[in-house]
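Engineer: Each chain, letter by letter, is given below.
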Amino acid sequence: MKPFYRHLKFFTKTSELYFLILLLLALFFTFLQTLSTAVNGMRAADILAGFANQLIFYTAIVNLVLPVNCQFQFFPLVLSINATRKHTFLGYQWGSFLLSLQAFLVALILNICAKTTFSDALLSLVPVYIGILFGSMGVGGLLAGICGHFGKAALWIMMFICGLVGGIVGYTSVSFRDLSLAATFQIVTVFGMDLRIFITLLLGIAVYLIGNTVHYLLIRKISVRI
Amino acid sequence: MNSKTLACNGIVKTYGKKEVLHNIDLSIEPSKIYGLIGRNGAGKTTLLSIMTAQNPASHGTVTYDGMPVWENQTALDHICFSRELNPLIGWGSNNLKAKDYLKTAAIYYPNWDQTLADRLIKDFELDVKKRVCKMSKGMMSMVTIIIALASKADITILDEPVAGLDVVTRDLFYKELLDDYAQTGRTFVISTHIIEEAADLFEETIILKDGSLLLKENTQELLERAFHISGKAEDVDAVCAGLLTHHTENIGRSKGVTVLLEPGQTLPGNADVSIQPVSLQNLFVALCGRES
Numbered sequence: 001m002k003p004f005y006r007h008l009k010f011f012t013k014t015s016e017l018y019f020l021i022l023l024l025l026a027l028f029f030t031f032l033q034t035l036s037t038a039v040n041g042m043r044a045a046d047i048l049a050g051f052a053n054q055l056i057f058y059t060a061i062v063n064l065v066l067p068v069n070c071q072f073q074f075f076p077l078v079l080s081i082n083a084t085r086k087h088t089f090l091g092y093q094w095g096s097f098l099l100s101l102q103a104f105l106v107a108l109i110l111n112i113c114a115k116t117t118f119s120d121a122l123l124s125l126v127p128v129y130i131g132i133l134f135g136s137m138g139v140g141g142l143l144a145g146i147c148g149h150f151g152k153a154a155l156w157i158m159m160f161i162c163g164l165v166g167g168i169v170g171y172t173s174v175s176f177r178d179l180s181l182a183a184t185f186q187i188v189t190v191f192g193m194d195l196r197i198f199i200t201l202l203l204g205i206a207v208y209l210i211g212n213t214v215h216y217l218l219i220r221k222i223s224v225r226i
Numbered sequence: 001m002n003s004k005t006l007a008c009n010g011i012v013k014t015y016g017k018k019e020v021l022h023n024i025d026l027s028i029e030p031s032k033i034y035g036l037i038g039r040n041g042a043g044k045t046t047l048l049s050i051m052t053a054q055n056p057a058s059h060g061t062v063t064y065d066g067m068p069v070w071e072n073q074t075a076l077d078h079i080c081f082s083r084e085l086n087p088l089i090g091w092g093s094n095n096l097k098a099k100d101y102l103k104t105a106a107i108y109y110p111n112w113d114q115t116l117a118d119r120l121i122k123d124f125e126l127d128v129k130k131r132v133c134k135m136s137k138g139m140m141s142m143v144t145i146i147i148a149l150a151s152k153a154d155i156t157i158l159d160e161p162v163a164g165l166d167v168v169t170r171d172l173f174y175k176e177l178l179d180d181y182a183q184t185g186r187t188f189v190i191s192t193h194i195i196e197e198a199a200d201l202f203e204e205t206i207i208l209k210d211g212s213l214l215l216k217e218n219t220q221e222l223l224e225r226a227f228h229i230s231g232k233a234e235d236v237d238a239v240c241a242g243l244l245t246h247h248t249e250n251i252g253r254s255k256g257v258t259v260l261l262e263p264g265q266t267l268p269g270n271a272d273v274s275i276q277p278v279s280l281q282n283l284f285v286a287l288c289g290r291e292s
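Just so you know, the sequences run in chain order R and Y. Quick note: the first sequence uses our numbering, first residue 1, plus one each step. Quick note: the second sequence uses our numbering, first residue 1, plus one each step.
Don't read these hints as lab results, they were simulated from the structure. Be aware that a few hints might be false.
[To be verified] Capping the alpha-carbon separation at 27 Å, the derived lysine-lysine pairs in DSS-like fashion look like this:
| id | chain 1 | residue 1 | chain 2 | residue 2 |
| --- | --- | --- | --- | --- |
| 1 | Y | K18 | R | K2 |
| 2 | Y | K130 | R | K9 |
| 3 | Y | K17 | R | K9 |
| 4 | R | K13 | Y | K129 |
| 5 | Y | K216 | R | K86 |
| 6 | Y | K216 | Y | K4 |
| 7 | Y | K175 | Y | K216 |
| 8 | Y | K4 | R | K86 |
| 9 | Y | K103 | R | K221 |
| 10 | Y | K175 | Y | K32 |
| 11 | Y | K122 | R | K2 |
| 12 | R | K9 | Y | K129 |
| 13 | Y | K103 | R | K2 |
| 14 | R | K13 | Y | K99 |
| 15 | Y | K18 | R | K221 |
| 16 | Y | K97 | R | K13 |
| 17 | Y | K130 | Y | K97 |
| 18 | R | K221 | Y | K17 |
| 19 | R | K2 | Y | K97 |
| 20 | Y | K4 | R | K13 |
| 21 | Y | K152 | Y | K175 |
| 22 | Y | K216 | R | K13 |
| 23 | Y | K232 | Y | K209 |
| 24 | Y | K18 | R | K9 |
| 25 | Y | K134 | R | K221 |
| 26 | Y | K32 | R | K86 |
| 27 | Y | K99 | R | K9 |
| 28 | R | K9 | R | K221 |
| 29 | R | K86 | Y | K103 |
| 30 | R | K13 | Y | K130 |
| 31 | Y | K152 | R | K2 |
| 32 | R | K86 | Y | K130 |
| 33 | Y | K216 | Y | K32 |
| 34 | R | K13 | Y | K134 |
| 35 | R | K9 | Y | K103 |
[As the list claims (entries may be wrong)] From the structure, some residues in chain Y lie toward chain R, with a derived Cβ separation under 7 Å:
| id | residue |
| --- | --- |
| 36 | Q54 |
| 37 | N55 |
| 38 | P56 |
| 39 | E71 |
| 40 | Q73 |
The structure displayed is predicted, hence computed values, not measured ones. Note that beta-carbon positions come from the ideal geometry of N, C-alpha and C, so glycine has one too.
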């Protein structure tokens with residue numbers, strides 16, 4: 001087997017396992033949501049759309065956690081059996097991408113089946129889903145890189161980053177509300193997309209690129225500890 | 001079996017300001033069994049990690065067949081470093097079940113021998129459904145031994161392979177190792193503290209002391225140059241004049257020393273002292289232990 005195919009095989013199997021867990025999580029929480037709103041008479045279409053959104057939400061959560069888990073569980077394992085850091089990183093990227101792709105496709109199909117026409121989905125849901133998934137992969141990669149490089153000190157760095165991001169998000173949302181800019185954003189479109197959706201997409205991709213570049217730079221000379 | 005050498009050139013490793021390996025030049029030639037011995041903290045695992053690209057060197061290079069080993073999959077495909085698993089780490093890769101650990105190894109080692117792995121699991125009576133972190137030290141060693149032997153890598157390095165193993169399993173391991181060596185002629189490097197038992201396996205002995213390479217020599221030739229001389233202190237001193245002595249022991253008026261002759265050097269005859277051959281373990285103690 002060619003060297004990189006080994007990584008594809010290993011990380012594809014890992015990704016499939018995580019996707020199964022994701023599906024079960026999304027099913028469980030959709031079931032809970034359905035139960036809680038059953039008295040109001042929830043439509044099947046709403047349940048499907050709700051399931052799709054749950055799936056994307058939990059995929060984003062897993063994208064934040066999975067890289068850190070990979071950093072401590074799979075990276076040392078694979079590196080200790082003589083894989084290169086570059087191949088391991090690319091293999092992990094493949095696994096992470098595959099996980100998001102599976103969730104994305106399932107969510108998209110469910111949304112189309114539920115209520116949305118394909119063109120609506122293309123202009124609203126697809127960019128948001130892509131933005132969220134890429135963004136979460138980027139932040140996850142960044143956290144994993146920091147954890148792998150700094151060890152215990154990473155905990156403090158992560159707390160600082162989470163605090164900083166939370167502060168920025170909170171401040172921005174309050175500022176926008178006070179300035180009543182939300183209405184302005186709703187009418188501005190780029191390539192037929194709502195500007196906010198377009199920004200979400202771009203931001204997600206940018207965060208992905210930055211986060212994973214930093215991740216690779218931090219782990220490219222990492223030592224194996226098992 | 002190819003004729004390719006794993007070579008370290010000027011390896012230095014520092015952690016912060018502390019230098020733990022000092023300018024090590026070492027070559028591992030094919031079709032030999034090497035014993036790597038050294039005291040705790042001598043730098044054995046660090047050196048082996050660097051030789052297998054699992055730890056970057058601060059200075060120096062490691063090559064296999066002339067190719068750099070660092071981040072080179074072609075070179076790494078010929079090497080297996082079966083590390084000692086840490087029983088204190090209960091998370092990360094140690095949280096996997098042994099069967100998943102072995103399945104991953106099967107994916108990554110290009111010459112993996114599943115039949116051998118299955119047979120060793122059976123012979124060792126290893127419960128592969130158990131998580132590695134829940135295993136005893138001996139069972140962890142079994143996992144590392146199975147990976148090392150089944151990898152069929154040209155250069156197989158084992159770090160403390162018999163730690164925690166009972167005497168029956170240790171015996172089984174030595175037998176399997178020799179059988180494999182007889183069949184394939186692959187190179188083994190074994191780092192161990194149980195020197196007495198493993199000494200007979202070592203064709204070459206490498207001794208690390210305080211991060212430096214003390215010696216690398218054919219075990220038989222090394223032991224032919226080593227003697228323990230004991231008797232009256234003045235007689236021993238007379239015999240040992242001009243010789244490099246180690247590990248002097250004074251008991252009343254008697255004295256015992258270990259000497260390691262230079263190649264070609266001989267002991268003076270007709271002396272009223274007892275001259276005994278030295279085992280590898282005793283020679284190691286003499287070379288690396290504290291003077292009494």
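Engineer: Now, for every hint given, state plainly whether the structure supports it.
Structural biologist: Hints, one by one, checked against the model:
1. K18(Y) with K2(R): Roughly 40 Å separates the two Cα atoms, so the pair is violated.
2. K130(Y) with K9(R): Between K130(Y) and K9(R) the Cα gap is close to 24 Å, so the pair holds against 27 Å.
3. K17(Y) with K9(R): Roughly 41 Å separates the two Cα atoms, so the pair is violated.
4. K13(R) with K129(Y): holds, 19 Å
5. K216(Y) with K86(R): Distance of about 34 Å is beyond 27 Å: violated.
6. K216(Y) with K4(Y): holds, 18 Å
7. K175(Y) with K216(Y): holds, 25 Å
8. K4(Y) with K86(R): holds, 25 Å
9. K103(Y) with K221(R): holds, 26 Å
10. K175(Y) with K32(Y): Holds - the C-alpha atoms of K32(Y) and K175(Y) are around 16 Å apart, at most 27 Å.
11. K122(Y) with K2(R): Judged against 27 Å, a Cα distance of about 30 Å means the pair is violated.
12. K9(R) with K129(Y): holds, 22 Å
13. K103(Y) with K2(R): holds, 17 Å
14. K13(R) with K99(Y): holds, 15 Å
15. K18(Y) with K221(R): holds, 19 Å
16. K97(Y) with K13(R): holds, 15 Å
17. K130(Y) with K97(Y): Measuring from Cα to Cα gives roughly 5 Å; hence the hint holds.
18. K221(R) with K17(Y): Holds, at roughly 18 Å.
19. K2(R) with K97(Y): holds, 26 Å
20. K4(Y) with K13(R): Answer violated: K4(Y) to K13(R) is near 35 Å, above 27 Å.
21. K152(Y) with K175(Y): Given that 27 Å is the threshold and the Cα spacing comes to 16 Å, the pair holds.
22. K216(Y) with K13(R): Between K216(Y) and K13(R) the Cα gap is close to 44 Å, so the pair fails against 27 Å, i.e. violated.
23. K232(Y) with K209(Y): violated, 31 Å
24. K18(Y) with K9(R): This hinted pair is violated, its Cα atoms lying about 41 Å apart.
25. K134(Y) with K221(R): violated, 30 Å
26. K32(Y) with K86(R): violated, 32 Å
27. K99(Y) with K9(R): holds, 17 Å
28. K9(R) with K221(R): holds, 24 Å
29. K86(R) with K103(Y): Roughly 22 Å between the alpha carbons, so the hint for K86(R) and K103(Y) holds.
30. K13(R) with K130(Y): holds, 20 Å
31. K152(Y) with K2(R): Roughly 17 Å between the alpha carbons, so the hint for K152(Y) and K2(R) holds.
32. K86(R) with K130(Y): With Cα atoms ~31 Å apart, K86(R) and K130(Y) exceed 27 Å; violated.
33. K216(Y) with K32(Y): At roughly 13 Å apart (the allowed maximum being 27 Å), K32(Y) and K216(Y) satisfy the hint.
34. K13(R) with K134(Y): Given that 27 Å is the threshold and the Cα spacing comes to 24 Å, the pair holds.
35. K9(R) with K103(Y): holds, 11 Å
36. Q54: Holds. Min distance 4 Å.
37. N55: This hint holds: N55(Y) lies near chain R, its Cβ roughly 4 Å from the closest one there, short of 7 Å.
38. P56: At about 5 Å, which falls below the 7 Å cut-off, the nearest Cβ of chain R leaves the hint on P56(Y) intact, so it holds.
39. E71: E71(Y) check passes; min Cβ-Cβ to chain R is 5 Å, inside 7 Å.
40. Q73: holds, 4 Å
The structure does not agree with the numbered hints 1, 3, 5, 11, 20, 22, 23, 24, 25, 26 and 32 stated previously, though it agrees with the rest.
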